[in-house]
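Student: Protein chains in written order, with this note's numbering: chain A, 1 to 115; chain B, 1 to 383.
Rather than coming from a laboratory, the hints here were simulated on the basis of the structure.
Predicted, not measured: the structure shown is a model, and the values here were computed from it.
All C-beta atoms, glycine included, are put in the ideal place defined by N, C-alpha and C.
Please note: incorrect hints may appear among the correct ones.
[What the hints assert, rightly or not] Only part of the chain B face toward chain A is listed, based on derived beta-carbon distances under 8 Å:
{"#": "1", "residue": "Ala165"}
{"#": "2", "residue": "Val173"}
{"#": "3", "residue": "Glu176"}
{"#": "4", "residue": "Leu238"}
{"#": "5", "residue": "Pro264"}
Here's the letter readout for the chains.
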Amino acid sequence: MKSNLFIENLNAASLNCINNGDIGIPKFVRYITTVNRSEDFEKYAKLIENFSRSSFSKKEIQNVNISDDSTYITKLLKWNTGEAALLTVSIDKINLNKIIDLLIIGSKGSIYHST
Amino acid sequence: MNKYGVLLIGGRRTHQEMYAKVFNQHPLTSILGVSDPIGTNSFRKNLSKNLANEYKVPYFDDLNLALENEKIQIVSSVPKVEKRGEVALKCIEAGKHLYLDKPLCGNLEEAKNIVIATKKYSLKTQMFSMVHLPWVKKAKHEISGNSLGKLKALHIENIFSKGKAGTVPENRVRKEKMSFEKWTFTEAKREMFDIGIYPVTLAYWLTKSTAKSVIGITGNYIFKEHSDLDVEDFGSILIKFESGINASVIGGRFGWTSHPKSGPQKIVLIGENSTKIFDANYPKIEIYNNEKPFVPPPYNPLDPMGMWQETSKQFFVQPKKTWITIDDTQEIAELDINAFIDCIEKDQLPEIDAQMGYETLKSIIGGYISASKNQEIYMSDLT
Numbered sequence: 001m002k003s004n005l006f007i008e009n010l011n012a013a014s015l016n017c018i019n020n021g022d023i024g025i026p027k028f029v030r031y032i033t034t035v036n037r038s039e040d041f042e043k044y045a046k047l048i049e050n051f052s053r054s055s056f057s058k059k060e061i062q063n064v065n066i067s068d069d070s071t072y073i074t075k076l077l078k079w080n081t082g083e084a085a086l087l088t089v090s091i092d093k094i095n096l097n098k099i100i101d102l103l104i105i106g107s108k109g110s111i112y113h114s115t
Numbered sequence: 001m002n003k004y005g006v007l008l009i010g011g012r013r014t015h016q017e018m019y020a021k022v023f024n025q026h027p028l029t030s031i032l033g034v035s036d037p038i039g040t041n042s043f044r045k046n047l048s049k050n051l052a053n054e055y056k057v058p059y060f061d062d063l064n065l066a067l068e069n070e071k072i073q074i075v076s077s078v079p080k081v082e083k084r085g086e087v088a089l090k091c092i093e094a095g096k097h098l099y100l101d102k103p104l105c106g107n108l109e110e111a112k113n114i115v116i117a118t119k120k121y122s123l124k125t126q127m128f129s130m131v132h133l134p135w136v137k138k139a140k141h142e143i144s145g146n147s148l149g150k151l152k153a154l155h156i157e158n159i160f161s162k163g164k165a166g167t168v169p170e171n172r173v174r175k176e177k178m179s180f181e182k183w184t185f186t187e188a189k190r191e192m193f194d195i196g197i198y199p200v201t202l203a204y205w206l207t208k209s210t211a212k213s214v215i216g217i218t219g220n221y222i223f224k225e226h227s228d229l230d231v232e233d234f235g236s237i238l239i240k241f242e243s244g245i246n247a248s249v250i251g252g253r254f255g256w257t258s259h260p261k262s263g264p265q266k267i268v269l270i271g272e273n274s275t276k277i278f279d280a281n282y283p284k285i286e287i288y289n290n291e292k293p294f295v296p297p298p299y300n301p302l303d304p305m306g307m308w309q310e311t312s313k314q315f316f317v318q319p320k321k322t323w324i325t326i327d328d329t330q331e332i333a334e335l336d337i338n339a340f341i342d343c344i345e346k347d348q349l350p351e352i353d354a355q356m357g358y359e360t361l362k363s364i365i366g367g368y369i370s371a372s373k374n375q376e377i378y379m380s381d382l383t
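Build the full structure now, drawing on both the sequences and the hints.
Tutor: Written out as structure tokens, the structure reads:
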């Protein structure tokens, strides 16, 4: 079912490609989003983290967070089966730009999206 | 002969191919010869002799004798990584300005010795990097322009789109090592070291800061060749800088068919007010037509990752034609070497000197140690 949030539809479409085997076995997710409202910050961080988990569905062995509370958060996640994800959410307070930049690397190919 | 005589160390199937082309064309430099470190095997010597023949200059069997030549003021040094520290010291002690292939070398102690010697002899050293590329300079300009507000974090990635993807054994889980004796292989390279050095160097250059700690991960995600050699095809490092800025970098290789051009190259700047992305592949036009799509070259046992121009001619690599970038792009080596010669002429410090080469190597070695231990590594703990 379609969501009102573009990022949720993007995640669903990407996951569909992964499940179809379009990029082989997913290995690494690099997800960068910029939101323009502070109330979206936590929500998007959660959305992209959950998306990465659903791509790999294995036991996490590393979850590193670095952040400046009012500006950005970056997470480096690593799973016991070798996969990893690098996720960043930042806030744009001036241009009020929304950015979504996704790269999923699989053993046979890659998925890209840039908004 | 032009103002500066140049000795090339290393030959075909190395970056020396592209450096030699620039030194040969630069109005202030003349290539005077080619040589190799003592103990170089005959295969590599022949590759260097091929380069000497191409530029119609002598091949010096004895590097020490070549360095005694007073007409040589500059050495372009591209020996195999394991010999870089020893060769660089020899050149500096002989009083030569030094253009160094990246990474500086594979050993922290040797890197430190290069830095000390450079200062002692007051010579110019420059390590090959991306800092003179126009799209990279735009990112630097954005920081100094202050339109983002104070820089808080950055992300930089460089992934090469070469090699046949999907050959890695299923369920391969990389266990990183803490030993760094061997860096040079025919079939593959340690990609966090070899490609990761580009984004790591950019992170240092853009932040103008030194690293406090690093957290690294490495993977065997794509290639059988890397897996068989027990070296990574992919790596990522979080760098916490002393200035409070944090950087994430990605360096790796993911296959001919995983990208419409040479691979993703991006810089993301996160300021306190705004975020901006700089992309080597933007602006571009895209072409779709009735020609056959890109087909990877046949497997080349001497260069399966398509690293060198020389073998790529034999195992023809079709140009990828779907994405055409619009901005005029000068060759990276030309921009970098022009800047190096300028620094010698104007007696200025190169942007990426041996000191920077040492700092960046430290972050990468720290990244490997971190990946092997699954923990943060502090630079102060690395000797």
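Student: Indicate, hint by hint, whether the structure satisfies it.
Tutor: Checked hints:
1. A cut of 8 Å between beta carbons decides the hint on Ala165 (chain B): the least distance to chain A is about 5 Å, and the hint holds.
2. Interface restraint check for Val173 (chain B): the shortest CB-CB distance to chain A comes to about 4 Å, inside 8 Å, so the restraint holds.
3. A distance limit of 8 Å between C-beta atoms decides the matter here; for Glu176 (chain B) the minimum to chain A is near 11 Å, and the interface restraint is violated.
4. The beta carbon of Leu238 (chain B) is positioned within 8 Å of a beta carbon in chain A (closest approach about 6 Å), and the interface hint is therefore held.
5. With its C-beta approaching chain A no nearer than about 6 Å, Pro264 (chain B) sits inside the 8 Å limit, and its interface hint holds.
The structure fails to meet hint 3 from the earlier list, while all remaining hints are met.
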